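Participant: Chain by chain, the residues:
4 protein chains.
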Amino acid sequence: MEINGVKIKDTYAEAFGIKVSRLLVTAATKKLAKIAATEATGYASSVIGCPAEAGIDGYVPPTETPDGRPGYVIMICNSGKKKLDHELLERIGMGILTAATTAVFNVLEDEDEKLKIGFKLKFFGDGYEKELEIDGRKIHSIPIMSGDFLVESEFGIKNGVAGGNFFILADTKMEALVAAEAAVDAIHAVPGTITPFPGGVVASGSKVGCNSYNFLDASTNEKMCVTLKEEVAETDIDKDIGGIFEIVIDGVTEEQVKSAMREGIKAACTIDGVKEISAGNFGGNLGAYKINLRELF
Amino acid sequence: MEINGVKIKDTYAEAFGIKVSRLLVTAATKKLAKIAATEATGYASSVIGCPAEAGIDGYVPPTETPDGRPGYVIMICNSGKKKLDHELLERIGMGILTAATTAVFNVLEDEDEKLKIGFKLKFFGDGYEKELEIDGRKIHSIPIMSGDFLVESEFGIKNGVAGGNFFILADTKMEALVAAEAAVDAIHAVPGTITPFPGGVVASGSKVGCNSYNFLDASTNEKMCVTLKEEVAETDIDKDIGGIFEIVIDGVTEEQVKSAMREGIKAACTIDGVKEISAGNFGGNLGAYKINLRELF
Amino acid sequence: MEINGVKIKDTYAEAFGIKVSRLLVTAATKKLAKIAATEATGYASSVIGCPAEAGIDGYVPPTETPDGRPGYVIMICNSGKKKLDHELLERIGMGILTAATTAVFNVLEDEDEKLKIGFKLKFFGDGYEKELEIDGRKIHSIPIMSGDFLVESEFGIKNGVAGGNFFILADTKMEALVAAEAAVDAIHAVPGTITPFPGGVVASGSKVGCNSYNFLDASTNEKMCVTLKEEVAETDIDKDIGGIFEIVIDGVTEEQVKSAMREGIKAACTIDGVKEISAGNFGGNLGAYKINLRELF
Amino acid sequence: MEINGVKIKDTYAEAFGIKVSRLLVTAATKKLAKIAATEATGYASSVIGCPAEAGIDGYVPPTETPDGRPGYVIMICNSGKKKLDHELLERIGMGILTAATTAVFNVLEDEDEKLKIGFKLKFFGDGYEKELEIDGRKIHSIPIMSGDFLVESEFGIKNGVAGGNFFILADTKMEALVAAEAAVDAIHAVPGTITPFPGGVVASGSKVGCNSYNFLDASTNEKMCVTLKEEVAETDIDKDIGGIFEIVIDGVTEEQVKSAMREGIKAACTIDGVKEISAGNFGGNLGAYKINLRELF
Numbered sequence: 004m005e006i007n008g009v010k011i012k013d014t015y016a017e018a019f020g021i022k023v024s025r026l027l028v029t030a031a032t033k034k035l036a037k038i039a040a041t042e043a044t045g046y047a048s049s050v051i052g053c054p055a056e057a058g059i060d061g062y063v064p065p066t067e068t069p070d071g072r073p074g075y076v077i078m079i080c081n082s083g084k085k086k087l088d089h090e091l092l093e094r095i096g097m098g099i100l101t102a103a104t105t106a107v108f109n110v111l112e113d114e115d116e117k118l119k120i121g122f123k124l125k126f127f128g129d130g131y132e133k134e135l136e137i138d139g140r141k142i143h144s145i146p147i148m149s150g151d152f153l154v155e156s157e158f159g160i161k162n163g164v165a166g167g168n169f170f171i172l173a174d175t176k177m178e179a180l181v182a183a184e185a186a187v188d189a190i191h192a193v194p195g196t197i198t199p200f201p202g203g204v205v206a207s208g209s210k211v212g213c214n215s216y217n218f219l220d221a222s223t224n225e226k227m228c229v230t231l232k233e234e235v236a237e238t239d240i241d242k243d244i245g246g247i248f249e250i251v252i253d254g255v256t257e258e259q260v261k262s263a264m265r266e267g268i269k270a271a272c273t274i275d276g277v278k279e280i281s282a283g284n285f286g287g288n289l290g291a292y293k294i295n296l297r298e299l300f
Numbered sequence: 004m005e006i007n008g009v010k011i012k013d014t015y016a017e018a019f020g021i022k023v024s025r026l027l028v029t030a031a032t033k034k035l036a037k038i039a040a041t042e043a044t045g046y047a048s049s050v051i052g053c054p055a056e057a058g059i060d061g062y063v064p065p066t067e068t069p070d071g072r073p074g075y076v077i078m079i080c081n082s083g084k085k086k087l088d089h090e091l092l093e094r095i096g097m098g099i100l101t102a103a104t105t106a107v108f109n110v111l112e113d114e115d116e117k118l119k120i121g122f123k124l125k126f127f128g129d130g131y132e133k134e135l136e137i138d139g140r141k142i143h144s145i146p147i148m149s150g151d152f153l154v155e156s157e158f159g160i161k162n163g164v165a166g167g168n169f170f171i172l173a174d175t176k177m178e179a180l181v182a183a184e185a186a187v188d189a190i191h192a193v194p195g196t197i198t199p200f201p202g203g204v205v206a207s208g209s210k211v212g213c214n215s216y217n218f219l220d221a222s223t224n225e226k227m228c229v230t231l232k233e234e235v236a237e238t239d240i241d242k243d244i245g246g247i248f249e250i251v252i253d254g255v256t257e258e259q260v261k262s263a264m265r266e267g268i269k270a271a272c273t274i275d276g277v278k279e280i281s282a283g284n285f286g287g288n289l290g291a292y293k294i295n296l297r298e299l300f
Numbered sequence: 004m005e006i007n008g009v010k011i012k013d014t015y016a017e018a019f020g021i022k023v024s025r026l027l028v029t030a031a032t033k034k035l036a037k038i039a040a041t042e043a044t045g046y047a048s049s050v051i052g053c054p055a056e057a058g059i060d061g062y063v064p065p066t067e068t069p070d071g072r073p074g075y076v077i078m079i080c081n082s083g084k085k086k087l088d089h090e091l092l093e094r095i096g097m098g099i100l101t102a103a104t105t106a107v108f109n110v111l112e113d114e115d116e117k118l119k120i121g122f123k124l125k126f127f128g129d130g131y132e133k134e135l136e137i138d139g140r141k142i143h144s145i146p147i148m149s150g151d152f153l154v155e156s157e158f159g160i161k162n163g164v165a166g167g168n169f170f171i172l173a174d175t176k177m178e179a180l181v182a183a184e185a186a187v188d189a190i191h192a193v194p195g196t197i198t199p200f201p202g203g204v205v206a207s208g209s210k211v212g213c214n215s216y217n218f219l220d221a222s223t224n225e226k227m228c229v230t231l232k233e234e235v236a237e238t239d240i241d242k243d244i245g246g247i248f249e250i251v252i253d254g255v256t257e258e259q260v261k262s263a264m265r266e267g268i269k270a271a272c273t274i275d276g277v278k279e280i281s282a283g284n285f286g287g288n289l290g291a292y293k294i295n296l297r298e299l300f
Numbered sequence: 004m005e006i007n008g009v010k011i012k013d014t015y016a017e018a019f020g021i022k023v024s025r026l027l028v029t030a031a032t033k034k035l036a037k038i039a040a041t042e043a044t045g046y047a048s049s050v051i052g053c054p055a056e057a058g059i060d061g062y063v064p065p066t067e068t069p070d071g072r073p074g075y076v077i078m079i080c081n082s083g084k085k086k087l088d089h090e091l092l093e094r095i096g097m098g099i100l101t102a103a104t105t106a107v108f109n110v111l112e113d114e115d116e117k118l119k120i121g122f123k124l125k126f127f128g129d130g131y132e133k134e135l136e137i138d139g140r141k142i143h144s145i146p147i148m149s150g151d152f153l154v155e156s157e158f159g160i161k162n163g164v165a166g167g168n169f170f171i172l173a174d175t176k177m178e179a180l181v182a183a184e185a186a187v188d189a190i191h192a193v194p195g196t197i198t199p200f201p202g203g204v205v206a207s208g209s210k211v212g213c214n215s216y217n218f219l220d221a222s223t224n225e226k227m228c229v230t231l232k233e234e235v236a237e238t239d240i241d242k243d244i245g246g247i248f249e250i251v252i253d254g255v256t257e258e259q260v261k262s263a264m265r266e267g268i269k270a271a272c273t274i275d276g277v278k279e280i281s282a283g284n285f286g287g288n289l290g291a292y293k294i295n296l297r298e299l300f
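Protein chains in written order, with the working numbering: chain A, 4 to 300; chain B, 4 to 300; chain C, 4 to 300; chain D, 4 to 300.
Chain A extracted, bound-state conformation (with noise of 0.2 Å):
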């Protein structure tokens, strides 16, 4: 199977069940809705060793927001409730909450249950916190130096997906990266998914477990690593590919995660030099999820 003339390698990738919450950060400005989203979702690229995964969904304009505010949809997510709990918590008060002009409500659909976020924040406001309304929703005025806070009392989470994922393989490192950048910039345009990695790219995939040291759970692809296609017999590697990125999606359901890969695929492919789309699985055995790049088109 081909797109554009690249091949796409009859393979799946293997996702995971995560915990997820999506929420409404809006602004006096665009501007200054986009720092308070960033500085929420930063240092949340892996579970594997940051506290969350997160990222920026999309933008929402001031016609489309509960308080006619610019507005960046993001999601937090984390393996289990209670951690998603703490960093829900952390990351509205120290990274929102702190940010000038900000207010976050709720806008995840169909949740599995709901977390009292607004309810347990309010406290700061030390007795001197008020209670509102606003397009029907239970909202928590929090009185802050600069002005009010205003946070919803409950945020929901489900159950959603982590690790929807493929690979670019093109020529050269920099038209991979490029492509990776046309495929993050595609997928920005599917709702309910993120691509949490720095700027949506990862230049690291990794395996499971090591073989060189058997205190790491996690390391080096090198099967997969440009660099090492000399030095490790059993590469996967063509001779002729010279740069490799991977793009990570999470998403609020499976269809938007398989949306994510298949739109983010297609632009990937629209860059020159990119020969095959692949993805990354652990034999099946490991994620929920296995999502068959073929089946995407």
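By construction, these hints were calculated from the structure, which means they are not laboratory data. Any given hint could be a false lead.
One copy or two, either will do: identical chains are not told apart, so a pair holds if it fits within one copy or between any two.
[Claimed, not checked] For lysine-lysine, the following PhoX-like pairs were computed, each having C-alpha atoms within a straight-line distance of at most 25 Å:
id : residue 1 : residue 2
1  : LYS141    : LYS86
2  : LYS119    : LYS278
3  : LYS232    : LYS86
4  : LYS226    : LYS12
Just so we're clear, the structure is a prediction, and the values are computed from it rather than from any experiment.
Since the structure of chain A is already known, use the hints to place chains B, C and D on it.
Facilitator: Below, chains B, C and D without anything else, positioned relative to chain A:
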């Protein structure tokens, strides 16, 4: 004392000791370096609730970096050595190693001691890692999917200063906000300092403890909340003040924090509507540093 | 009439006919498309002194463009057909053809007539140009140093509307400025409209003619200058107004300009300190359109 | 001669005389200064088809500007004094005076002569303008709707250098593109120089004249077009070259242009896949300057 008609209050900022590190993140382009620097310093406004305090110190053009590529100096700080070691490992490992085309160098001068961060990260290479020398530095080259990631073997840490701060009080909220942005722009030009809050600006200055809820260690500083000035009898805010933002600065040395405060205050005082510059302290018994505002000038 | 406590003055914006074009600039990545769109629409705030009026209408994700790449819709406008033809040729030829990885498509609907812009640009190919069809469009492929530049053969133009406008009057300059930024963010979500001034905001609304110097056709609108309200006896500004910015909108249709004004005004009224929305007119005898502010709501 | 394994061709860039000006645009914040600087330097890649050549030279922090506010140095250039006078008037009048919170200062050193730009702009004040002195400079304060616009009375111009250039030839288009971006990042750190094309990069190097159509003065440089290398018998491109971009530099002095070329070339040579650096000339009879690539190092 007045600057440009703005009253400089006769008070001091109370600042604290913190362990600091200072890293240079380079990449193929300025934009790619910014992506990695941003991810690695996210979710790091304050150790009260974040796993670190971190921020971008400044941009370094290719002419002045060890590898001739554009880069950003970032600072990562934490209350103790062990915590800082953990954050350096994870923020470099998850936020920079994973980012496209990056390398990381130690740029802290006069360190108290060195942490073997690169040395530990190299094991991700699963035996394929190599050792190089660049610019007289010991560098580990770790093969990753997209190429080789370069990281200096050791990163210095030293006792720095956290929580340098000042308050900007203005007629209105938006004047205080623009003044805060101007202050952050000015501080950005002072090497060895960061403003770790979102966009460099703190919207929600807090007090130690909580009067209404004894389970909280920190809560809103109601005496400095503009929307509470009618409600809180002992308010510290004059009637005509409509907006307050705080700037918090971490620095390698007290002198650098003082320079940042001086330049930030001067910049804030260029904005119409700014009435007073104050600062936050806790009676002088908590922090190791007392920085008197008027002595800055 | 009030919106969110802000007075909507009983007045109208006087707008003018102008020839408009609407182009989609695509590129390998969103960032590259933005670079070209920005260059091609620069130096184009008003035909009073600039060679065109131009701006970015909005972003289009790869899923919705003819070539599956991210793009920006831009509008280029001028007072007559011949001038617009010249500006289209030069702004595409010098600002988009010269930019990395770009292509340009016509996205004006219901045009009055078509200009052979791509047809003329193709001669730059010196005989090596080719003709393609993409998405049912006739495209010229022009070989350039870095690859092939694709440009649609003809671009539609039609009679549009220039100079839709409103004034934001606030207690202070910075409140008016942030409100203007919020308005621009909102207008950006209305298709078929641009805000051609720098950042979308006009700092210097003018009047026709000049009282003191007869060699000038336009000069400062002293009755609306906040720093002159004590000095100019016939000032139109209330004592308590400290800041005024204007938003100017060009659009493909009067309806779209009205939508942009409506959304912009609503957004401006979310900002604290905004006191009144007014609009600019010249007695109603100069422009073809009178857009009454109160009838927008 | 090689740099980092990249061949530096034994050739020269042919550059031309041009009248240059150098302005500092300050504003309340860095972001606001950037907006004005961008508008004023748009549509200015080359005087072949644009009304000027212009670009952003560099950022200046508030600590180093006459008014203590952040600013950008921009350069505006044109072939003759009269044209430059016109462009300075219009680009300042329409792109900076109209932008929020700006001021403009002359920062050209050792000028050949001075143009009365601020003096002429002041008449927009319709008699309400005032004269100030800031930092020893004669400044006109012009009341505008949002406050007062400050502009220096006179701006220096001098004979500068246009069209300094080099070509980056790489295995693939995307490698050449990233190398071009890296070069632009490096050149941005050389004061007194700009890269006037979109994003600093030229995708479409041209030749003088046109073989197939005698009505054109310039046309594609078919010998350097990568997609024509099979088709054009006398191609100047080796078989293995898949991507070429050009960097064009304007500078105040020949020395500064040379520094920019040197730093830009060194930066381009850090990118994998770059094979050769060449330069554009016209036989040496058109331009006043011949800058030999190998003599730069």
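Participant: Please write out, lowest number first, the hints stated earlier that are contradicted by the structure.
Facilitator: Of the numbered hints given earlier, those the structure breaks are 2 and 3, listed in rising order.
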